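Asks: Those protein sequence lines, which keep their order, are chains A and B. For the first sequence, the positions run 0 to 407 when numbering that gives the first Met the number 0 is used. For the second sequence, the positions run 0 to 509 when numbering that gives the first Met the number 0 is used.
Honestly, the hints are just simulated from the structure, not real lab data. If you're wondering where the values come from, they're calculated on a predicted model, not measured in any experiment. Don't take every hint at face value.
Stated by the list, open to error - DSBU-like mimics (lysine-lysine), calculated; alpha carbons at most 35 angstroms apart, straight line: (1) LYS478/B to LYS27/A; (2) LYS134/B to LYS46/A; (3) LYS132/B to LYS316/A; (4) LYS451/B to LYS17/A; (5) LYS352/A to LYS478/B; (6) LYS41/A to LYS290/B; (7) LYS352/A to LYS132/B; (8) LYS41/A to LYS451/B.
To be verified - Covered stretches of chain B (in silico footprint by chain A; criterion: 3 or more residues with CB under 8 angstroms from a CB of chain A, positions within the stretch not fixed): (9) 103-115; (10) 192-203.
Said to hold, decoys possible - Some chain A residues judged to face chain B by a derived CB distance under 8 angstroms, without partners named: (11) ASN15; (12) SER16; (13) GLY18; (14) PHE21; (15) SER23; (16) GLY45; (17) LYS50; (18) LEU133; (19) VAL336.
Quick reminder that beta carbons are idealized off the backbone N, C-alpha and C, glycines included.
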Amino acid sequence: MELGEQISRSGNCDSNSKGDCFVSIELKQSGGVNFELESKVKVFYGKSIEKLCRSILAFFSIENVVIAIKDNGALPYVIAARIEVAVKQLITSEKEFLFDFIPENLYESNQDRFRFSRLYLPGNTPYMMLNAGLHKPNGIILDLEDAVAITKKNEARYIVRNALRTQNFYGAERMVRINQGELGIEDLAFIVPHNVHVILVPKCESATDIHRVEEEISRIKKRKDLMQDIFLMPIIESALGVENAFEIASASRNIVAMAIGLEDYTADLGVQRTNTGTESLYARMRVVNACRAVRIQAIDSVFSDVGDMEALVENVKRSKSLGFQGMGCIHPRQISVVHENFAPNWNEIERAKKIVNAFHEAEKNGLAVVSVGTKMVDPPVVKQQLKVLELAISLGILSKDWRSEYVG
Amino acid sequence: MVPTEINGQVVIPYMGVGKFVPKKRKYNSYISTNADFPADGNKKVKNLKEALQKAGLVNGMRISTHHHFRDGDLLANRVFDIAHEMGVKGLIWFPSASFPCHEHLIPYLEDGTISRIEGSMNGPLGKYCSEGKMKGVAVLRSHGGRYQAIQDGEVHIDIAIIGAACADPFGNANGLNGKSASGLLGFALADSQFADRVIVATDNMVAFPCVPWQIQGNYVDFTVEMDQIGIPERIISGTTQITKSPDRLLIAELTARFCEEAGIIKDGFSFQAGAGGTSLAIGEFFARIMKEKGIKARFARGGSNKYLVQMLEEGLVEYILDGQTFDLEGVRSMRENPNHVWTSPFTSYNYHGKGNFAGMVDVAILGATEVDVNFNANVVTHSDGYLLHGIGGWQNCLFSKTVILPIPLFRNRIPVVREEVTTICGPGELIDVIVTERGIAINPLRNDLLRKLKESNLPIKSIHELKKEAEEICGVMEKCVLSDEIVAAIKWVDGTVIDVVRKVLLEEID
Chain A
0 MELGEQISRS GNCDSNSKGD CFVSIELKQS GGVNFELESK VKVFYGKSIE
50 KLCRSILAFF SIENVVIAIK DNGALPYVIA ARIEVAVKQL ITSEKEFLFD
100 FIPENLYESN QDRFRFSRLY LPGNTPYMML NAGLHKPNGI ILDLEDAVAI
150 TKKNEARYIV RNALRTQNFY GAERMVRINQ GELGIEDLAF IVPHNVHVIL
200 VPKCESATDI HRVEEEISRI KKRKDLMQDI FLMPIIESAL GVENAFEIAS
250 ASRNIVAMAI GLEDYTADLG VQRTNTGTES LYARMRVVNA CRAVRIQAID
300 SVFSDVGDME ALVENVKRSK SLGFQGMGCI HPRQISVVHE NFAPNWNEIE
350 RAKKIVNAFH EAEKNGLAVV SVGTKMVDPP VVKQQLKVLE LAISLGILSK
400 DWRSEYVG
Chain B
0 MVPTEINGQV VIPYMGVGKF VPKKRKYNSY ISTNADFPAD GNKKVKNLKE
50 ALQKAGLVNG MRISTHHHFR DGDLLANRVF DIAHEMGVKG LIWFPSASFP
100 CHEHLIPYLE DGTISRIEGS MNGPLGKYCS EGKMKGVAVL RSHGGRYQAI
150 QDGEVHIDIA IIGAACADPF GNANGLNGKS ASGLLGFALA DSQFADRVIV
200 ATDNMVAFPC VPWQIQGNYV DFTVEMDQIG IPERIISGTT QITKSPDRLL
250 IAELTARFCE EAGIIKDGFS FQAGAGGTSL AIGEFFARIM KEKGIKARFA
300 RGGSNKYLVQ MLEEGLVEYI LDGQTFDLEG VRSMRENPNH VWTSPFTSYN
350 YHGKGNFAGM VDVAILGATE VDVNFNANVV THSDGYLLHG IGGWQNCLFS
400 KTVILPIPLF RNRIPVVREE VTTICGPGEL IDVIVTERGI AINPLRNDLL
450 RKLKESNLPI KSIHELKKEA EEICGVMEKC VLSDEIVAAI KWVDGTVIDV
500 VRKVLLEEID
């Protein structure tokens with residue numbers, strides 16, 4: 000093969016791709032590294048970009064190339080991801096050019112944390128990741144699946160891997176949605192070693208889908224000597240998935256939540272998705288029921304009209320009333336609406352206070368039966384109301400020692 | 000270091016806020032006599048060229064125009080087309096601001112028709128100037144500083160050309176009625192009062208009297224009727240839409256919450272916010288808080304726009320004191336509502352007066368291209384040295400009781416909070432709060448605010464922490480090297496020179 004023909008390309012640089020860059024590399028037989036940079040920030044970062052570029056090429060033992068970068072304010076981890084992809088189109092290498100973890104990203108998650116909101120971000124659009132955590136979603140999902148064009152799947156993996164290490168998540172649960180099938184299994188190597196908390200498994204139709212993902216996760220964990228739990232969130236998006244909801248929900252103890260994806264589900268049924276959602280009521284209830292049966296969180300589909308906040312409020316209220324405990328977001332402005340409406344409202348809190356207070360009073364007076372007014376209250380109801388208050392306290396909408404000020 | 004001479008004229012370097020004390024009388028124009036003017040009051044001449052000829056246009060004169068037509072201005076360009084036809088050279092253009100539409104004038108800067116521009120420059124002219132292509136040094140002033148320079152006699156205007164949406168043959172004029180309506184004509188007030196010759200041009204000539212007379216015909220030498228003086232859709236700014244960017248909305252929300260917690264939003268308060276997308280969003284958040292708490296503002300300073308007008312009409316604001324109208328709703332409201340009042344740089348901003356309105360405003364919300372760790376801020380240049388924006392009323396508004404700059408911590412990898420700003424336009428002692436998406440920094444001089452926000456849940460940080468955070472994300476910037484050559488001077492509100500802009504070094508092409 001003629002060496003002069005070996006040119007590789009990676010990344011994006013058009014007017015829409017702020018914070019990104021386009022890299023092309025041409026292998027040569029001699030002449031060393033020839034570096035060309037076109038960038039709006041060349042005056043400020045020209046030298047450091049060149050240094051980064053040369054250190055990556057040296058890391059992969061590439062000596063003679065013409066490398067051209069068209070940059071639009073990309074951060075170093077983005078530039079590095081773009082270069083690494085281009086390099087690996089030219090040579091075969093098992094090595095990975097990894098940045099150190101920023102300390103802010105070294106935190107763990109746990110099974111029971113809130114998952115009211117999770118913000119979807121396209122895995123190949125680094126600019127959108129920059130401030131995502133500032134909007135305080137419970138979780139941030141870097142999406143390798145539907146939000147990434149089929150020709151960009153590989154590039155996105157490197158962005159997501161680097162982002163998991165160096166892009167501050169500001170305390171949000173760190174999630175990645177992998178692709179369906181084999182592509183998704185290949186995705187795992189790019190995320191499992193990088194402190195991902197939850198992996199979203201799309202278009203789940205059976206327990207086997209989960210087992211396949213778990214096997215690969217275990218293999219990678221073993222190889223990399225990783226200890227921490229990696230949680231799973233299957234997404235049910237088909238009629239078959241709905242029928243197998245319980246089987247899927249109980250497929251692994253690492254499943255912490257299960258979501259429903261209504262765009263694909265309604266397509267599978269051959270019906271229109273409506274705001275009221277009558278067409279998916281059966282599916283949603285089936286998913287909620289399966290989740291409750293195995294004590295995991297039931298998560299609702301995203302609401303796609305980002306301009307209509309009133310419709311979103313209605314949607315969240317309906318979702319909560321069906322038993323869902325969270326919802327996907329596709330725009331940061333949806334987050335606070337989702338939080339406010341999934342959180343216990345004033346009436347719910349007052350009711351819970353009344354019942355829980357009566358319970359404490361009964362206990363104090365040595366009574367076995369709790370009653371509010373003329374109504375008797377069963378123990379499971381008390382337990383449920385205690386949970387409402389716990390939730391309100393942890394959300395900061397109720398003081399921890401509310402009983403000290405409580406006037407019945 | 001700033002020079003002591005610019006364009007052959009002695010200038011005084013900046014001394015500090017309120018330190019420079021002028022000790023002379025104001026400038027004034029020649030005494031006119033009615034005997035020299037038509038007895039019937041009809042000062043109409045055939046066309047603009049005739050007006051300029053009669054006004055005595057010759058080489059080296061200083062020609063002023065105003066910017067109420069914004070990017071839809073046709074008049075300034077037409078004036079210099081005529082000057083070019085007449086073969087006049089070496090003119091100084093003294094606009095109240097320039098816009099991208101004035102790129103039309105670059106050939107006249109090249110061929111010597113115009114020797115230099117003294118005024119805030121936006122876009123292409125700024126770039127031209129930054130690259131050292133303009134013959135003289137540009138002088139940038141705030142809106143108030145422009146009035147001050149004219150009244151103090153620092154700047155002598157030979158001919159003022161005042162475009163007006165409506166005028167009568169005597170020269171009374173306003174910006175309220177007609178196809179080129181821009182609301183008011185406040186930026187042209189000083190020009191009408193102090194220029195040697197004053198021309199009023201309109202595309203809507205009405206019989207005497209043109210009321211209200213925002214410009215008084217008694218100052219006017221000639222009137223001209225033209226087919227078109229502006230492009231209406233560009234006179235009305237396209238930026239008067241609330242931002243949809245989640246990050247900017249976050250900054251706006253933090254700003255409004257800060258004002259709420261600091262106790263600034265209270266009954267009878269006053270505020271000024273610009274017409275940018277973030278400022279408009281802050282106005283919306285203000286309105287929400289005010290409605291919730293039943294609070295009314297005594298007055299708001301414009302740039303007015305449909306959102307502010309809505310607050311006026313809903314009774315959330317009692318008066319709008321308007322400096323320029325940004326959209327048709329603003330124009331309509333000013334025309335119909337006596338509580339929507341037109342102001343001028345004299346009433347609002349002039350520092351060499353017996354006070355002005357800007358100082359009475361409780362909170363001013365402004366922008367900046369850069370802020371340094373001492374809260375000094377830049378509004379004219381970008382970090383690469385390019386002069387791309389004017390000062391506007393920005394410096395004047397710094398005298399408000401609390402000045403807040405809501406800004407992103409960085410823009411496309413370029414930190415906004417820095418060790419040093421490229422150009423100082425406003426001293427840090429007048430800038431109280433920086434609100435970014437990643438935290439709010441309060442100037443240590445504002446102990447009162449620090450105390451009030453001590454228990455707040457808002458992300459209060461030090462400005463050094465913000466700077467560090469920007470650098471951790473973006474990287475530490477390499478120093479941008481500029482030439483020694485001065486291309487523009489930045490005047491402070493009292494006429495002293497606070498900083499200069501230096502020529503950018505263009506990359507050598509191999």
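Asks: Holds or violated: the hint that ASN15/A contacts chain B, with Cβ atoms closer than 8 angstroms.
Replies: Hint on ASN15/A: violated, closest Cβ of chain B at ~13 angstroms, above 8 angstroms.
Asks: Let me know if the C-beta of SER16/A comes in closer than 8 angstroms to any C-beta of chain B, holds or violated.
Replies: 11 angstroms, violated
Asks: Once the shortest beta carbon distance from GLY18/A to chain B is found, is it less than 8 angstroms?
Replies: Status holds, d = 6 angstroms.
Asks: Mind checking the CB of LEU133/A against every CB in chain B and telling me if the closest is under 8 angstroms?
Replies: 5 angstroms, holds
Asks: If you look at each residue in the segment 192-203 of chain B, do at least three have a Cβ nearer than 8 angstroms to any Cβ of chain A?
Replies: With 0 residues closer than 8 angstroms to chain A, the segment 192-203 of chain B misses the three-residue bar; violated.
Asks: Please verify whether LYS134/B and LYS46/A have alpha carbons no more than 35 angstroms apart.
Replies: Given that 35 angstroms is the threshold and the Cα spacing comes to 34 angstroms, the pair holds.
Asks: Run the distance test for LYS41/A versus LYS290/B: straight-line Cα separation, threshold 35 angstroms.
Replies: 48 angstroms, violated
Asks: Checking one constraint from the list: CA of LYS478/B to CA of LYS27/A, max 35 angstroms. Satisfied?
Replies: At roughly 34 angstroms apart (the allowed maximum being 35 angstroms), LYS27/A and LYS478/B satisfy the hint.
Asks: Starting from LYS41/A, check that the Cα of LYS451/B is at most 35 angstroms away, please.
Replies: Judged against 35 angstroms, a Cα distance of about 42 angstroms means the pair is violated.
Asks: Against the 35 angstroms threshold, does the CA-CA distance of LYS451/B and LYS17/A hold or violate the hint?
Replies: 38 angstroms, violated
Asks: So, PHE21/A near chain B? Judge it on the closest CB pair being under 8 angstroms.
Replies: 15 angstroms, violated
Asks: Below or equal to 35 angstroms on CA atoms is what counts here, so check LYS352/A against LYS132/B.
Replies: 74 angstroms, violated
The structure fails to meet hints 3, 4, 5, 6, 7, 8, 9, 10, 11, 12, 14, 15, 17 and 19 from the earlier list, while all remaining hints are met.
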